[in-house]
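2 protein chains.
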Amino acid sequence: MKFIEQLKEFLPEHRVLTGDSLKERYTHIWTMDQPLRAMCLVLPKTTEEVSKILKICNSNDIKVVVHGGLTNLVGGTETSGDEVVLSLERMNTIEEIDSESRCVTVQSGVILEHLHEAVDAQGLLFPLNFGARGSAQIGGIISSNAGGLRVLKYGMTRQLVLGLEAVLANGTVISSMKKIIKDNSGYDLKQLFIGSEGTLGIVTKAILKLEEAPSSRNAAFLAVNDYDSVMRLLKYFDQGLAGKLSGFELIWRNSYEQMTATSDAVRPPLPYNYEFYILIESLGSQLQQDQLEFQNLLEIVVEKEMVLDAVMAQSPSDVEWFFRIREDVNNLTDSMTHDQHFDISLPIPLIGPYIADCYEKLKTLKGVEQVYAFGHVADGNIHFMVGKENTEDELRLAINDIIYSDLKSIGGSVSAEHGIGLHKKPYLKISRTFEEIQLMKTLKTAMDPKGILNPGRIID
Amino acid sequence: MKFIEQLKEFLPEHRVLTGDSLKERYTHIWTMDQPLRAMCLVLPKTTEEVSKILKICNSNDIKVVVHGGLTNLVGGTETSGDEVVLSLERMNTIEEIDSESRCVTVQSGVILEHLHEAVDAQGLLFPLNFGARGSAQIGGIISSNAGGLRVLKYGMTRQLVLGLEAVLANGTVISSMKKIIKDNSGYDLKQLFIGSEGTLGIVTKAILKLEEAPSSRNAAFLAVNDYDSVMRLLKYFDQGLAGKLSGFELIWRNSYEQMTATSDAVRPPLPYNYEFYILIESLGSQLQQDQLEFQNLLEIVVEKEMVLDAVMAQSPSDVEWFFRIREDVNNLTDSMTHDQHFDISLPIPLIGPYIADCYEKLKTLKGVEQVYAFGHVADGNIHFMVGKENTEDELRLAINDIIYSDLKSIGGSVSAEHGIGLHKKPYLKISRTFEEIQLMKTLKTAMDPKGILNPGRIID
Numbered sequence: 001m002k003f004i005e006q007l008k009e010f011l012p013e014h015r016v017l018t019g020d021s022l023k024e025r026y027t028h029i030w031t032m033d034q035p036l037r038a039m040c041l042v043l044p045k046t047t048e049e050v051s052k053i054l055k056i057c058n059s060n061d062i063k064v065v066v067h068g069g070l071t072n073l074v075g076g077t078e079t080s081g082d083e084v085v086l087s088l089e090r091m092n093t094i095e096e097i098d099s100e101s102r103c104v105t106v107q108s109g110v111i112l113e114h115l116h117e118a119v120d121a122q123g124l125l126f127p128l129n130f131g132a133r134g135s136a137q138i139g140g141i142i143s144s145n146a147g148g149l150r151v152l153k154y155g156m157t158r159q160l161v162l163g164l165e166a167v168l169a170n171g172t173v174i175s176s177m178k179k180i181i182k183d184n185s186g187y188d189l190k191q192l193f194i195g196s197e198g199t200l201g202i203v204t205k206a207i208l209k210l211e212e213a214p215s216s217r218n219a220a221f222l223a224v225n226d227y228d229s230v231m232r233l234l235k236y237f238d239q240g241l242a243g244k245l246s247g248f249e250l251i252w253r254n255s256y257e258q259m260t261a262t263s264d265a266v267r268p269p270l271p272y273n274y275e276f277y278i279l280i281e282s283l284g285s286q287l288q289q290d291q292l293e294f295q296n297l298l299e300i301v302v303e304k305e306m307v308l309d310a311v312m313a314q315s316p317s318d319v320e321w322f323f324r325i326r327e328d329v330n331n332l333t334d335s336m337t338h339d340q341h342f343d344i345s346l347p348i349p350l351i352g353p354y355i356a357d358c359y360e361k362l363k364t365l366k367g368v369e370q371v372y373a374f375g376h377v378a379d380g381n382i383h384f385m386v387g388k389e390n391t392e393d394e395l396r397l398a399i400n401d402i403i404y405s406d407l408k409s410i411g412g413s414v415s416a417e418h419g420i421g422l423h424k425k426p427y428l429k430i431s432r433t434f435e436e437i438q439l440m441k442t443l444k445t446a447m448d449p450k451g452i453l454n455p456g457r458i459i460d
Numbered sequence: 001m002k003f004i005e006q007l008k009e010f011l012p013e014h015r016v017l018t019g020d021s022l023k024e025r026y027t028h029i030w031t032m033d034q035p036l037r038a039m040c041l042v043l044p045k046t047t048e049e050v051s052k053i054l055k056i057c058n059s060n061d062i063k064v065v066v067h068g069g070l071t072n073l074v075g076g077t078e079t080s081g082d083e084v085v086l087s088l089e090r091m092n093t094i095e096e097i098d099s100e101s102r103c104v105t106v107q108s109g110v111i112l113e114h115l116h117e118a119v120d121a122q123g124l125l126f127p128l129n130f131g132a133r134g135s136a137q138i139g140g141i142i143s144s145n146a147g148g149l150r151v152l153k154y155g156m157t158r159q160l161v162l163g164l165e166a167v168l169a170n171g172t173v174i175s176s177m178k179k180i181i182k183d184n185s186g187y188d189l190k191q192l193f194i195g196s197e198g199t200l201g202i203v204t205k206a207i208l209k210l211e212e213a214p215s216s217r218n219a220a221f222l223a224v225n226d227y228d229s230v231m232r233l234l235k236y237f238d239q240g241l242a243g244k245l246s247g248f249e250l251i252w253r254n255s256y257e258q259m260t261a262t263s264d265a266v267r268p269p270l271p272y273n274y275e276f277y278i279l280i281e282s283l284g285s286q287l288q289q290d291q292l293e294f295q296n297l298l299e300i301v302v303e304k305e306m307v308l309d310a311v312m313a314q315s316p317s318d319v320e321w322f323f324r325i326r327e328d329v330n331n332l333t334d335s336m337t338h339d340q341h342f343d344i345s346l347p348i349p350l351i352g353p354y355i356a357d358c359y360e361k362l363k364t365l366k367g368v369e370q371v372y373a374f375g376h377v378a379d380g381n382i383h384f385m386v387g388k389e390n391t392e393d394e395l396r397l398a399i400n401d402i403i404y405s406d407l408k409s410i411g412g413s414v415s416a417e418h419g420i421g422l423h424k425k426p427y428l429k430i431s432r433t434f435e436e437i438q439l440m441k442t443l444k445t446a447m448d449p450k451g452i453l454n455p456g457r458i459i460d
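Protein chains in written order, with our numbering: chain H, 1 to 460; chain R, 1 to 460.
What the hints contain is simulated information worked out from the structure, not anything from laboratory work. Quick caveat, the model's predicted, so the values are computed rather than measured. Warning: the hint list may mix true and false statements.
In silico lysine to any residue, SDA-like type, Cα no more than 25 Å apart, as pairs [claimed, not checked]:
| id | chain 1 | residue 1 | chain 2 | residue 2 |
| --- | --- | --- | --- | --- |
| 1 | H | 55 | H | 1 |
| 2 | H | 235 | R | 116 |
| 3 | R | 441 | H | 449 |
| 4 | R | 366 | R | 330 |
| 5 | H | 63 | R | 442 |
| 6 | R | 63 | R | 96 |
Not everything, but these chain H residues come out facing chain R in the computed CB check (under 8 Å) [stated by the list, open to error]:
| id | residue |
| --- | --- |
| 7 | 15 |
| 8 | 17 |
| 9 | 97 |
| 10 | 100 |
| 11 | 243 |
| 12 | 244 |
Even for Gly, the Cβ is constructed at its ideal location relative to N, Cα and C.
I would like the entire structure built from these sequences, with the hints used as guidance.
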């Protein structure tokens, strides 16, 4: 094909994969056994190469699907065979860690865990953190505005990007690579590329904000029997720990039971007789003082009977134990025949009754075997895992209906963190108005008139 | 004129001002003596009215300039006479303070100080704060992505907007009024309206994030003789105060001398023999403990000779005294024949040498009488005030050249907070690349094809 020849003019053969060499590639880390379908896969090493590739694809009307760490949960990296797949994995250089300006310059193929290791070594912290850290790449993280476990203290990806470089569909390089914190000189263009799932441009480089690494970490499990108590405790600890509260995770009773049942490594820190379990975490800089303060606050909530039970981590290994319970979601999915995941967002005061209602309805739906809820309650973000007996569309859609149907009326979202991709597109209208979706299309058309970039993601 | 008749069909006469009634209006709170030039001024009370007004203006190809609190510093609200001025002052309702979700719903004409008072009364904080708080309105604050004194801890306006409603040039209402913290369902459209100075849409409503009001506030003045020490102290306090450091303001020697010279209310907390004065502030939730911690950190920097002098505020009135010095910039401008203001942004480690160089060059420029620098050094944002003997273009441009000319090469910005408006447009290319400016034009054309909204602001 003509465009493949054009690509080979500036890319060596081993970076333009076609035919049999695609068989070892895949579209998701969970489906490595399913070979990639695509016209070819290109492996650029520089922004200039990305630009050339897009120019060629755009002028030949070839669709481009972008691959990063392939951990996306909404079909963002799926292909149907008539696309060029552009993988950023070779653009994996950490170009500079600037400890004075406290920022790091990275190419977009850098894996999150590698970035963590590199900045840790300098006493700094890149606070974004989530389960897929060993595979997820910065480009995908930015394109999907990833969240995770420490949004409460440090914000989502959007808050952590100082500078950005992206390539538009026609190959134009938009370089806003600045280390400055404030820049009100015209439109903040980087916002367009953060969270737009690669549909408006391909992120090639970024300057990310770093934080001073905290030197103290405290954690506790609390138990209560009603959601109002959860709300009260959130307010109390947010107030009491000022800027130090970094995690406030809620686990529903049955999820807690399952999460702590599989091995001694995740043994239950508190007994099984409560409705809600809360894992709180604080990060600070004064080892002894922070521990005392955390302990004092805990003692007060116990004295005031704001909690029914509480246990504080007594050592770093206790903290790790507590978080292992929350993070190791395999303990939930391993028990399921088939599973369906959710990532909804809603106003914090409504979470208790909303989830109770979903549990109730799902329980009576034939084919549903388990329902587990847990999540970043302080961010208004709940993850739902539903176990079911088959993968039929009818059951899948019925489950979706139960979880999504009332979100519109209460101002919630069908996606807090994971994005829309291909899978959640039918539900976008629950989160967004007709006019909003039209404006998204206006932007897409203005920036990618031929619609070649990650086509079909978010909008048609 | 036809369109004025169309406006009067749904707006009462006293909300469509024309002719003589425009004489009492103006374009800036500093030029109240200069009557407004415009075809008419409209005073909508609802989003629906804003939508109708824009529909009419758009279909009649009438330019619209948006007025809020008229405190903008870059000519954003200036008119030339052939525009409709749309003032949001009647849309000044605080619709709801939701203390559970910790957010507030406001119309865009609400004055910042009124918002502060209303949320303070509920033990909550809207952290954005700056000198013009008594006039500035939320719509303008959002459109200009205002910053101010506590960006370090709480972020700029962009970080504080949860939901937004804006009206496009053609009257389409884009309503993204959600109370949720996380929403990755499609493009984050509100980012388009934040900081785009009313050129892409008119903000009519917002849901703003509130914080728990801090209950402890500590402050100190420190003195050092070299910029490296400033950097070391920033790192030290940022680390030591964890999330509590809320202000780190740098004042150059001569600015400090002038700022503390005019009255007893701004008397100098430290003597005049140092090169740099730093005002630090921390906000927390544990009155006694925070004070002790702050004091300990100060004692350590004194012991370690990281500072040459230091004084801690001993009471709330001391804290106010310290901040009065920093905030009352009239103490600088009052001494000037004419003044010229700057608001530049640059990588933090480069600030010391850059400003020293500017001082040097300005000193030798004929017509320059005073140069005062101070600013939010932890945000990389310095405010410059230059006193000069005349208002001639030649002198103005020569001063601009000195301050702006090297910003491009070091990745700085000609506007950290104030925006571009009309006045800084010639310098936009220092902050942004050709491709960035082209993309801004693409967006403007896509969203406002006739170019009626705040025309000529930022880009042509």
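Does the structure keep residue 55 of chain H and residue 1 of chain H at a Cα separation of 25 Å or less?
Roughly 16 Å between the alpha carbons, so the hint for residue 55 of chain H and residue 1 of chain H holds.
Mind checking the alpha carbons of residue 63 of chain H and residue 442 of chain R for me, to see if they're no more than 25 Å apart?
With Cα atoms ~22 Å apart, residue 63 of chain H and residue 442 of chain R stay inside 25 Å; holds.
Satisfaction of the residue 15 of chain H interface hint, Cβ to chain R closer than 8 Å
Because about 26 Å separates residue 15 of chain H from the closest Cβ in chain R, which is outside the 8 Å limit, the hint is violated.
Interface restraint verdict for residue 243 of chain H against chain R (beta-carbon cut-off 8 Å)
holds (2 Å)
Identify whether the interface hint at residue 244 of chain H stands, where standing means a beta carbon of chain R within less than 8 Å of its own.
holds (6 Å)
Hint check: residue 63 of chain R vs residue 96 of chain R, CA-CA at most 25 Å. Holds or violated?
violated (33 Å)
If you draw a straight line from the CA of residue 235 of chain H to the CA of residue 116 of chain R, is it 25 Å or shorter?
Distance ~20 Å between residue 235 of chain H and residue 116 of chain R Cα, so the pair holds.
Sort out whether residue 330 of chain R lies within 25 Å of residue 366 of chain R, counting only the CA atoms.
Cα-Cα ~24 Å, so holds.
Regarding the hint that residue 97 of chain H lies at the interface with chain R, is the smallest CB-CB distance below 8 Å?
violated (14 Å)
Between residue 441 of chain R and residue 449 of chain H, is the straight-line Cα distance small enough, at 25 Å or below?
Roughly 15 Å between the alpha carbons, so the hint for residue 441 of chain R and residue 449 of chain H holds.
Holds or violated: is the Cβ of residue 100 of chain H closer than 8 Å to a Cβ in chain R?
holds (4 Å)
Using the nearest Cβ pair, does residue 17 of chain H come within less than 8 Å of chain R?
Status violated, d = 30 Å.
Violated hints for the displayed structure, listed by number in ascending order: 6, 7, 8 and 9.
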